[in-house]
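Chains as they are written, first to last, in my numbering: chain Y, 186 to 484; chain H, 11 to 292; chain B, 737 to 1146.
Hints in this document: simulated from the structure, not taken from any laboratory.
Watch out, some of these pointers could steer you wrong.
No more than 25 Å apart at the CA atoms, straight line, and that leaves these computed lysine to any residue pairs for SDA-like [what the hints assert, rightly or not]: (1) H/238 - B/1100; (2) H/16 - Y/394; (3) H/65 - Y/394; (4) B/1100 - B/1138.
Derived coverage of chain H by chain Y (criterion: at least 3 residues anywhere in the stretch with Cβ under 8 Å from a Cβ of chain Y; other residues may be distant) [claimed, not checked]: (5) 18-25; (6) 45-56; (7) 100-114; (8) 124-132; (9) 156-163.
Every residue, glycine too, gets a C-beta built ideally from N, C-alpha and C.
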Amino acid sequence: MKKTRKRLFAYDNVGILFVLPAFVYMLVFVGYPIVRNIVLSFQDVTVRTLTKPDKPFAGLQNYIDIFQDPVFIRSLLNTLIFTVCCLVFQFIIGFLLALFFNQNFKTSKVVRGLLLIPWMIPITVTALIFKFIFGTDVGILNYALQSLGLIKENIDWLTSTNTAMFALICANVWIGIPFNMILISTGLTTIPTELYESAALDGAGKVQTFFKITLPLLRPTIESVLILGFIYTFKVYDLVYVMTSGGPVNSTHMLSTYSYKLSFELFKYSKGAAVANVLLVILLIVGVFYLRATKEENE
Amino acid sequence: MGGEKKITGKKNVILSILSVVLLCVLLFPLFWILMTSLKTEQEIFRIPPTIIPEKLNLASYAAQVETGDFNMFQSFANSFIISIGATLISVILAVPASYGIAKYRFRGRKVMLLGFLVTQMLPVAVLLTPMFILFRGMNLYNTPGAAILADATIGIPFSILILKNYFASIPRDLEEAAYIDGCNRFSAFIRVLIPIAKPGVMVCAIFSFLYAWGDLAYGMTFIIDQQKRPITAGIFNFMGQYGTKWSYLTAFAVVTIIPVALIFIFMQKYIISGMTSGAVKG
Amino acid sequence: MKKKRILALAMTAALTAGMLAGCGGDSGNGENKESGGGDKEVTIWYYWETEGHQVALDKVITDYNSSQDEYEVTAKYVPFADFKKQLSIGASADELPDIAILDSPDHASYAVMDIFADITDKFDVSNYYEGAVDSCTIDGTLYGVPFGVNCLGLYYNEDMLKEAGCDVPTTWDELKETAQKLTKDNVTGLAFCSLANEEGTFNFMPWVWSTGTDSYTIDSEGGIKALTLAKDLVDSGAMSKECINWTQGDVMNQFISGNVAMMINGPWQIPTMQQEAPDLNWNVALIPKDAEYASCLGGENYAVIKDGNEEGALDFLEYATSQEQVEYLMDAFGYISADKTIAESQFAEDPVMQTFTEELNYAKARGPLAEWPEVSNAISLAFNKVMTGEAQPADAAAEAQATIDGIVGQ
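Chain Y with its partners taken away, still in its complex shape (with noise of 0.2 Å):
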């Protein structure tokens, strides 16, 4: 039996036949455009040169500059810094949200399913909404927290380089809460009732049950959230781009929104590559920390 198994499933190069035709379309419309990006970081493309067929090389001059430009410096920062913050607070309420929901009493689904709007709606029309209840004199957040005597005057949310970015993370973690609790409510169906059952027969209480049946066999679910969650994450464009395109005084700029505005407003395509195979440098070794983490699972 033992044996049988293994030849069916185990090395067996048939399965590639499944994998190929999805591994094929991204390689073209997106291993093609990675290439390109790379050739692309080594030259020396401005508005005098992008139309001519000979592109000077410029080796890692395009790298050695982004790392002296503070404004990059910043970029990457405020990328880490936004990715962590929106991590950490979808995917906790996401998860008791979740937790929540997964009781059976009488709202519970048609509740949870209207939950999934925020993360229906068109992320620049969530950046749009954000804009509004954010704005200075016409925001509602300004008002309800003065009237509940928080501040004194007016916090200029968007204009400032101390909140612009808090902003942000409000309106991203509004979007990402339903993305975390629906994925996890579909983890916990796999869970076994029987496990359940038997835990409680055991005289396990709640939290026990939690840490040691809910937690170890949602393990998959949690890595794949949060690895998915981290790369729209760390990409996030839409967002930014809408609500503030990295202002104030740059201080909200992303490492895909600095790549854009070199790329696109100021001409400096080498540049932009450059930085964008940075932010893809990182995503490369998160990628491979997910590979490692998820090893044990795999072999």
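Since the structure of chain Y is already known, use the hints to place chains H and B on it.
Chains H and B alone, transformed into the frame defined by chain Y:
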């Protein structure tokens, strides 16, 4: 639902009320723009703000029908075609791929998995120009096809990473039973595994749809004709045009959200049951 | 063993990508004629979002199409925020319209990209304003035709000024004082678009130039003085900090809603203002001066794309720049013709537009410089830093200067 027992009595009432409170808090931004869209521009700036509009003002909605060459319904149709197309491609390619990755240990498996991770990491600024060149070569520039193919690149890797876990959690015994019944690998995959992984497939379909639905950069860059562009491009134009005219902007936002929300509310019975019913037991 | 496998896979990937790159490029070139529209079609890209502008352009195009059978012109609207990107990508991918109507300070950047046709001997611009022609000329070669020009002026709410007992300010000191007096409740005295982009720079340059300083020496007495003016206005509350997020359209909306008493803006807003707020009493004056009057020259240029349907494009331009069409377009746009003869007779009975025509004498052009977007970026960063309180005027000026020196010194 994870086999949770049905809760009845007092606890049911408390939890239900609590859930509605949560709903109100989390969806307040939507309620707020709906109210704002019904106010006049002067009332929007009033301090203290009015929660319910004092005087119902529908002019902002009327203005949208009247202005420009932008056709709301056409944009919706465009967005739907693009999103459905991208969802189909994502699901058709991602379901077998995730099965292959979860159940087979072939050569280069890890590299491919890493590949799928990497491909969804590129910032949009990098992708636009090369993709544009590709689509132009394929004669797809300025057609929904370009946006469909581009949007599918967001859905595919995402779906694979999610579905991989689903297939991995399906016991091998089930598959082996299918072989004994005379299935080969492919028919076992289609007849036995896909039905079991249905909740995962549903989630992936929904997410792929929504990624495509929310996309702005691709739809705007690869389609130049306003009449062929998705709704997000319409919003973006509108924001450029009306900057801080909040009565117009919020009305536009509401008009964009309502149809999707309605569809979702009517569909959600199927979506939620699809997501939760087929869970693997034992 | 394992390494080899990965290497092999990576190479396959690279090869495939390389092949694709080849394909894309080849078929792209082969197809150029077709998508360029053959010999009959002429496509135009423009970015005006104002409905009145779109309608006016459409009318000229429709008239042109029915006036002859040889060419068929179609215009496509590309949002301003997207316009630069679309032209850049189009230049790399060889997918461009036949005519682009673009913002004049960007003209030089695209001209050096080598995507515009040389029309030096094909179009007569001798009767056009010099600043406008300069913006489409690189090293003596003409790469475009001015569409129309405009500049910035000071709009003021007459009722608010009367109520506060103020005269129209003509100097910076008067401006600060008046703006301060007009600020009360939820009304702020002055607003000008201060976005961290070209639009913001457009609105900031008049202050710099008014001190007698040029665009490339921000770290000078004058440059610092201009930055200090912005700082004083914001610090005193006479100007809202929100201006750093307001487009010129937003500023206009705030003005007609009565939230702002004075604003810096251009004449293209007038048709919308008259339509949206017909009862508002407002007027226009020259921008208050420091050492000399100054304003910033704005407007768009037509550019003919190289290797497109050049003949069709030029034929259309001949038509669209004829006196009758220009007069119609300029009126609908609230622009001033770049053609001196037309401009002088354009506003015989319109005192507001006469003020703008007078202001035009003091208006200077940005650039022309291929790297102007970078210079502009440095300048807009400087006044944004000052207005948000991130930096003192002197420090912001020094920083901007370092960047500008790096660009211009090249």
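Each hint tested on the structure:
Restraint check for residue 238 of chain H and residue 1100 of chain B: the C-alpha separation of about 40 Å exceeds 25 Å, so the hint is violated. Under the criterion of a C-alpha separation no larger than 25 Å, the hint pairing residue 16 of chain H with residue 394 of chain Y is consistent with the structure, at around 19 Å. Between residue 65 of chain H and residue 394 of chain Y the alpha-carbon distance is near 54 Å, which puts this suggested pair outside the 25 Å criterion. Between residue 1100 of chain B and residue 1138 of chain B, the direct Cα distance comes to roughly 23 Å. Compliance with the 25 Å bound is thereby established for this hinted pair.
Residues of the stretch 18-25 of chain H with a Cβ under 8 Å from some Cβ of chain Y number 3, which satisfies the need for three, so the listed coverage holds. Counting residues of the stretch 45-56 of chain H whose C-beta sits closer than 8 Å to any C-beta of chain Y gives 3, which meets the bar of three, so the coverage hint holds. Given a C-beta distance limit of less than 8 Å, the hint that chain Y covers the stretch 100-114 of chain H holds, as 9 residues qualify and 3 suffice. Given as covered by chain Y, the stretch 124-132 of chain H passes the check, having 9 residues with a CB less than 8 Å from a CB of that chain where 3 are the minimum.
For the stretch 156-163 of chain H, the proposed coverage by chain Y is satisfied: 4 residues have a C-beta within less than 8 Å of a C-beta in that chain, meeting the threshold of three.
Figure legend: structure checked against the earlier numbered hints; hints not met, in rising order: 1 and 3.
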